[in-house]
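Colleague: Please construct the entire structure, taking both the sequences and the accompanying hints into account.
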Amino acid sequence: MRTIMHVDMNAYFASVEQAANPLLRGRPIAVGGGTGGKRSVVAACSYEAKARGIKNAMPAWEALRICPDLVIVAGDMNKYIYTSAQIMAQLRTYTPQVEVFSIDEAFLDLTETAGRCGGPVAIAKRVKQWIREKFRLTCSIGIGPNKLLAKLAGELKKPDGLNELWPPDIPGKIEQIKVSELCGVGRKLEEYLAQMGIRTFGDLHRAPRAKLVKRFGAVWGDHLWQMGQGKDDAPVRPSAYEEAAKSMGHSYTLPGFTTDQAEVKGYLLRLAEQVGRRLRKENCKGNVVHVSLGFGNYQFWGKQRKVEDYLDDGYEIYRVAERLTLDAQRFALRNRPTPNAVRFVGVTVSGLIHDLDQISLLPQKEDNKKVLRAVDAINDRYGEFTVERAAIMATVIEHKSGYVPSRSFRGH
Amino acid sequence: MEFNCEKKELQTGVSMIEKIVSTRSTLPIIGNLLFEAQKNSIKISANNLEIGMELSIKATVSKEGSALLPAKTLSGIVSKLPETKIGFKLGENSTIKINYDQSHFNLHALPADEFPALNKVKEGKTFNISPETLHSMIKQTIFAVSGSEEKYVLTGVLLEAGKSSQAGDQTNVRLVATDGYRLAKRGEKIELKSDPGISVIVPAKALSELAKIIDGRDKGEVKIHVSNEQISFRYDDVYLVSRLIQGQFPDYRQVIPKKSATKITLSASEMLRAAERAAVIAAGSANVSAFEVRGGKLYITANTPDVGSVTEVIAADVKGVEKARVSFNIRLITDVLNVIDAEMVTLELGEGLSPGVIKPEGQTEYLYIVMPIRTQEAA
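Residue numbers (our numbering), protein chains in the order written: chain A, 1 to 412; chain B, 1001 to 1379.
To be clear, the hints were calculated from the coordinates, so they are not data collected in a lab. Glycine included, each C-beta is placed from N, C-alpha and C at the ideal position. Among the hints, a few may not be true.
[As the list claims (entries may be wrong)] Each computed EDC-like pair below joins lysine to aspartate or glutamate, with the alpha-carbon atoms no more than 16 Å apart: (1) A/LYS365 x B/ASP1195; (2) A/LYS158 x A/ASP222; (3) B/LYS1151 x A/GLU316; (4) A/LYS306 x B/GLU1150; (5) A/LYS306 x B/ASP1218.
[What the hints assert, rightly or not] Computed beta-carbon distance windows for the label pairs: (6) A/LYS306 x B/LEU1192: 40 to 48 Å; (7) B/GLN1376 x A/GLU62: 50 to 58 Å; (8) A/LYS306 x B/ARG1024: 34 to 42 Å; (9) A/THR259 x B/PRO1257: 31 to 39 Å; (10) A/GLY256 x B/GLU1351: 30 to 38 Å; (11) A/ARG215 x B/PRO1305: 29 to 37 Å; (12) B/PRO1305 x A/LYS231: 20 to 28 Å; (13) A/GLU384 x B/GLN1376: 37 to 45 Å.
Modeller: The following block contains the structure:
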């Protein structure tokens, strides 16, 4: 039998905000989607807010009517992603078999490693303690022989739960859980099951296989029956398996508007160089280049093109990107009186391949790869842009405002 | 201008020339065909400023003259006309009346003098070649060109004609094409009266149009003229002229491997079918397929996570050492096997990540080089 653990962060976004700002602790707070103002919606809320009747996806004005002292905080994805990555990394210290299910949820397959770490319950306690001490966050942990029971065990107590569910506990401990709580049972299916008199896990557990197969077909019928028996073969898929990046990009919001084409190209080149650098770091190449420009009045323009070669050289990415922007000038002209002034520049490469390098029969192409490797090695050691293309420096000389401070560039 | 001609004759001419016409140009005039009626034939010309073409069709001319007709509209009409005599008559108000049976069209025509004249090659180097040979040379090389604007020089095919040969073969006329990852070279030994000393890059588009014109033709010769900026081809009544691509074509002699460690000979059709099957799986993994020579057999394998894998085994005559896994883009392999005219092919492999060479067995005129892919296991 396998040992699977499910870790689910409690009221994740709101809790991260409360942890980051002591003034928010113990108060009803909501993380707003959009601008965080009155016109936004509640993306997530704290337990204190839930207790006052606030629900996710509720418009902010309605939430404020129900709970006038609700504090609405603008969401900060960077904070949530950073915290999540730290937690996931900590989970991987117990087993490499960690499936990142969402930003605040993960499955661990502890079958091989639990014995060495004092058993699954001891691991769960250590995980909870680490997360509490490091981030002031709580989580609910469920342990079972498969993903289905581990997740259901976690649902038994929120927040801050720790429960186990093993075959002898079935259906006993979860007799009253609604079928809609099961992964894969949506509203329609819930309705169909209700018509058959199946409303709780206990009902499903006692439903004959033949009856389910007759109603839902061999595949779904059998799957439902397996769930009712607490069985689930689905493997824990380590995150590397499905989390391989699909694209890499960089963007930059200029300190002010510019109509200077050369300046825009300077930004484009620097961003393309950064994308190339990151592609090479991850040993990736891509054959789709996407450029976006933001003009005045919040007009956005974007265009992409699939190219013949898989690229990881910033200058080659730039050449494709630059060609694409010829179209942007037409766009800017069409959208008059929107000023033809650029405020935002972004370059993204997708269509990624990993760990593959088509060797060129042109010697200068292979030489160029060696040059890039050497430049990367220097920049790894002495910092980004220690060695950089003269063309980027040229923008500084020719156009005084063309310099882009490299540290203010952020990946997305 | 007034003339009569057979619909079939007209359709052949129009369909041959309309591909040249550019419809997306900022210069609308070049979206037209120039019709010139003289004696007992009609000359039709197209010019997209890169490539120009003119050809003649038989007609009964009752009044000489000329006019410009919109290419797209005209070809749409011509392809649907009944198989009968078609009459053309230019009226007073520059309208062309097209008559057939009891019906007619009236098309707005433009005055002919606005059309950019075809810039013909008047002086330069010249040689002749049979249409069959040239067609086969084009077919075996043109697929290897690059389609990328960023590699402009490689969007053309290198044409070399001359007695001095350092290309590692006995030929004196050659076409060479490469996209930077594979290279196709096809030579031919042709009796030349004098040494034209030609080495120019011809846009692939010009050669592909030429190939359509001479496809299936075995009589006469194609006359080729080359100047500094242009190349022209004359065959029968068809004249095609193109701008040359200016630039330095890669020195292909440098990249032809001097020796190989493994040489295998196998059936071209078996290898093609195996490669095409492997390509189905490889499509999900950037077309990467591994080649391995072991125990007198060639193994081609590919796999895509979530889809599956394939192992193709082909009997082969193996000379030299067995070859450990080396990966290629399988599409670059199927491309060449589709154009090779031979029962058996040879595949030569070197050590490590050196290029693969494919040739039709026993022929030295054709050579195809394909570069491998560095994979994680081979890194």
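Colleague: Determine for every hint whether it applies to the structure shown.
Modeller: Here is how each hint holds up against the structure:
no.	hint	in the structure
1	A/LYS365 x B/ASP1195	34 Å, violated
2	A/LYS158 x A/ASP222	30 Å, violated
3	B/LYS1151 x A/GLU316	11 Å, holds
4	A/LYS306 x B/GLU1150	12 Å, holds
5	A/LYS306 x B/ASP1218	40 Å, violated
6	A/LYS306 x B/LEU1192: 40 to 48 Å	43 Å, holds
7	B/GLN1376 x A/GLU62: 50 to 58 Å	53 Å, holds
8	A/LYS306 x B/ARG1024: 34 to 42 Å	20 Å, violated
9	A/THR259 x B/PRO1257: 31 to 39 Å	53 Å, violated
10	A/GLY256 x B/GLU1351: 30 to 38 Å	58 Å, violated
11	A/ARG215 x B/PRO1305: 29 to 37 Å	35 Å, holds
12	B/PRO1305 x A/LYS231: 20 to 28 Å	26 Å, holds
13	A/GLU384 x B/GLN1376: 37 to 45 Å	26 Å, violated
Going down the numbered hints, you'll see the structure goes against 1, 2, 5, 8, 9, 10 and 13, while the others check out.
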